[in-house]
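K.L.:
Residues per chain are reported as follows:
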Amino acid sequence: MANIVIDPVTRIEGHMRVECEVSGGVVKDAWVSGTLYRGMETVLLGRAPEDAFYVSQRICGVCPISHSHASSQATEAALGIKIPEGARLVRNILECAQYLHSHILWFYNLAALDYVSPINALKADIADTYALAQAAGTKPSDYGAVAKRLTAFAENGQLSILSGHYWDHPGYALPPELDLIATCHYLEALEMQAVANEVVAVIAGKFSHPMTSVPGGTAFVPTVDKLDDILFRLVRVKDFIDTALIPDTLAIAPFILDAATYGGGTGNFLSWGVFEKSDLVPENRYLPRGMSQGLKPEGVSPDDVTEYTNHSWYDSPTGLNPKEGETKVKFTEYNIDDKYSYGKAVRCKDLSTESGPLARMVVAYLAEKGGADIAGGADVRTPAKLIDSTLEALGVGGKPEILVSLLGRVAARNLEAAYVADLSLVFVSELIEALKGGDVQYWKAAEKDTGAGVGAWEAPRGSVAHWIGLDGGKIDHYQIVAPTTWDIAPRDDNGVRGPMEEALVGTPVEDAEKPLELLRIAHSFDP
Amino acid sequence: MAQEAHGAFYDLLAVRGVSRRDFLKYCSYVAATLGLSEAAAPQIAAALEKGSALKPALWLNGGSCTGCTESMAQVDSPDVATIVLELLSLNYFETIMAAAGEQAEKNIEDTIADGNFLLIYEGSVMTGEDGNTLLVNGHKGTEILAEAAAAAQAVISVGACAVDGGWVAAYPNPAGAVGVQAFLDKEKIATPVVNIPCCPMNPEWVVAMVVQWLLVADDDPALFLEKTALLTKSYTDGVYDAKVTLNYPEYVVESTIHDNCPRRGHFENGEFVSEFGTEEEAMGYCLYKVGCKGPQTYTQCPVTRWNRSVSWCVHSGAPCIGCGGLNWVDNNAPFFKRLSSMQFGSIGSAQPGSIAAVVGGVAAAALVAHGLGMKAAGRVGDGPPMEETTAYDRKHGAKKGGDK
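In order, the protein sequence lines correspond to chains Z and A.
Just so you know, the first sequence maps onto residues 11 to 537 in the numbering used here.
Just so you know, the second sequence maps onto residues 215 to 618 in the numbering used here.
For the record, the hints were derived by calculation from the structure and aren't laboratory data.
The structure presented is a predicted model; accordingly, all values stated were derived computationally and were not measured.
By construction, the Cβ of each residue, glycine as well, lies at the ideal position given by its N, Cα and C atoms.
Take the hints with a grain of salt, since some may be wrong.
Said to hold, decoys possible - Some chain Z residues near chain A, calculated using beta-carbon distances under 7 Å:
1. D61
2. V65
3. M221
Take the sequences, apply the hints, and build the full model.
P.N.:
This is the structure we're talking about:
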C-alpha cells in the first residue's frame, strides 16, 4: 500500500489536496480536501439583502454569475418577488455567456494539458495536419505559424507555465498532428473565452464580478446598440464551438477510450436546473431540475440537502439542512481518519451526489427520453440529440450508461456547450421580439423586508444554492452550498465517500510519480 | 532555471506575427499608462528588447476566488500583451500551470533559490486559525508568502484582497484576512510592494506595472518604487492595528470615477436613474441616486474600462460599489444607499481606514458644495441634483418606474 499525495491540485479555482491509497497499480481509497477557509457566510450576517448579491458572488471568480443569480433568487424568494420577463431573458443571456466562457476555458486551457502535448506537436507534419483537420471536420488554423512559434518557445528552454509537465507519460497518446490542432485551438480558445466574456461585460459591466443581476431583476436595460454588441459575439463563440470544440472532442475521444472504463463515481446525479422559461418553474427549466440514481430519474428539492461536519474543520452541528445550518470554523489537524477538509460533506437525499455538466445532461437526457419537451419547441440541439449522436459516432450507440465515466464527464461538458450556444441565440431573439412589442420590464421593487428563501441554480461547474434569512431588511441567516462543495465533499458521518473521492477509487495508476490519471479525474469535475 | 539566450527579440516578434511598428505603438501605449511621456517609448522598447532570457515570476494565490486570474485572462491586445507576458517565465501560476503536486512545489523552490524574480500575489493573506485557514501541502499560506516575498525583487499585490484583505477581511473577518503589505510589514520583510486595487483588479494596470518592473529589474530592482509614479497612502490596518503604507500606481488612483464618468453630464443636469430597469437607464442617466460610489472611489475604471475596454460597471447600468477603495465592503455597504447618507463602519465594530474616511469625507463635502454651486448657478432649474423627481419625469408628466 502506497499513498499518492497531489497537493496542490492545480488548474482549478481554489486550493485542493488529493490523497490516494494505491495497491497493485489501482486506487483503493481516496481523500479529497479543500484547504482554504474564508468565512463568506459569517461576513454576510447583519448586512442588507443587495449586499449579499455583491459579496456572495465573490466566493468564486470563475462562476460569479451563477452565484449572483442564486443570491438574487434567494432574496426574491424571501421577499416574494417574481422577476419580469425582460430580466429573465437578460439573465439567461448573461448566464449563457458565462457557460460558454467557462466550458471553452476548461476544455482547452485547463483540461487539455492532461491529454495534449504541445511538445509532441513539434513532430507534426503540416500537410498531414491540414488533412486530419479536414477529415475531423475541425476548423483550419495557420498550423505552420503555430508550429514555428512552438519551436521558438521550446528552444528557449524556459517553459514558464509548462514547467514540470508530465509529457513523457505514456498516457499522452495523440498523434502529433492532433496535438498540433489542439494546441492551435488552445491559443484560439484564450481569445474565444475572452470574447464570450465581452458579452458578460456588455450586460454586467465586467468579468469576473458582474454588477447588474440585482435582486428584483436587472439594472441593465438593453438598447439596440448593446444587443448588437451581444449578438455578433455570441455568433462568433457558437461558431468556435461548432467548428473546434465539438469536432476536437470527437477526434480526441478514440485515443482515450480507456477513460470510458473508470472515473464514473457514485452514479448519483443532481441538477437544480438552469435557464428559466417564462413560467419560472424550476422543474421546467431548459436544463431541468431533477436527480437520478443509476440513470433512474426522480424529483428533488433544496429541502433534500444535508450537510455533515464530522470530517470537516467546523465546530457546527452536523446533519442539518442549510436553512438551519451554521458555519463556525475550527481547525484541528489534517487527519484522514478524522477531520481533513474545509468542505462540508453535503448530501442529497442522504446520497453522495455528483453535480456539474454530466449531472445536468443526464437529468435532461432522462427527462427528454421520458417525453419532456425541455427546449420548449425551440430549434436547438437538445441534450438527447447531442448525446445519442455522440454515442453513435463513438461506436457505442444506445449505451448511455457509458456516460458514467471520466470520458463521459469530459464529453458532457462540451456537448452542453453546444446546447447553451444554441439557447443563447434563442434568448437574444426572444429579447429582440419582446423589445419590438414594447413595454418590457426589467426590475421590480420588494414590498416587504422580512422572509426566508433559497435560490437553487446551476453554475457551469455544478449545483449552487444560497439560503437567506431576512429580518427587517437585514440578513440574519446565510448559507451557501457551492458547486465544488458537492463534488469535493469529504466523507459523511456514515463514512460514505464524496463524489470525487468515489470517482478516484478503482482508477489504474501507471506511474505513481506522475499520477496523470488521478489529475484527469480531479480536473474533470472542474473544481 | 536555464537563462540561455534565445535569439534576437525581433525574430521572436516576427515568429509571433507582430511587426516592429506594432510593437513600438504598444510601447507608446505602455508609456502613457505608466504616466510617462511618449518620448519614453524607445526606452521601454530597449528595455524589453535587451532581455534574451525571460525574467522569472511567481503568481501565488492566497485566500482568493481566482477572479483576478480570470481578469488577467481578459487582457486587451492579446498578441502584443502576450509578448510582454512571454517576457516573463511564469514558473508558478496555480490556475494554468501544467505541473501539480511535487512538480509544482519544485517550481517554486527552484525560482526562489535562483532569485531575481517578480512575485505577483492574488487574494488575502490568511492568518486565521493560526495560519491554518490556507494550507498547501501542509505548509501555511503565510509561510509560503513570507519565503517567496523575502527572496523576490518586488511584489505586485493584485486586487482588493491582496491590497487590504478585501471582502474576506470585512467585519467580523472570521478568517483573519489581511493585505500583503500589512503582513510583510509585520514580518519585517522590506521587499517593495505595489498595490493594484479593485475586485477584481484591472488587467491592463497589472501589465503596465510588470513592464515597469522589467524596465528596471536588470539594472537595479530597488528603483522599482523610485521610478514608478506612486501615490503612497498610509492607513491603520484593522487586524494588526499597525500603520501600513500602500503604494498605488498614480495613474490608477489619481482621480475619482465621478471625475471621468461619461454619465457626469447627466449629473450636472440633474438627470438621474431613480429606480433600476427604467428608461432613464437606457438613456444613460446618472446612477448617483441608486447608490453610486463613483464620487468617493479613486480609480480609472471609466478610462481603462474592462474586458478589453468593452464596458465597465456604470456603463452597464450598475452603480459603482467602490471596490477600488480601502476596506471597501464595510465602507461602502449597504451598496444601494446613496452617498449623501453614507455611514462609515456602520456594520458591527469595523473601523474604516483613516485615509478612506478622509478621502470619503472630502468627496462628500465636495459633492455637497458642488450641488449647491449648481443650484446657485441656476443650471439645474428649480432643484438640486438630489431631487425626488427627475427632469425626464417632469418633462413626461408622470413618474415612470419599473412597474408600468
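K.L.:
So, for every hint listed, does it hold in this structure?
P.N.:
Right, here's what the structure says about each hint:
no., hint, verdict
1, D61, "holds, 5 Å"
2, V65, "holds, 5 Å"
3, M221, "holds, 3 Å"
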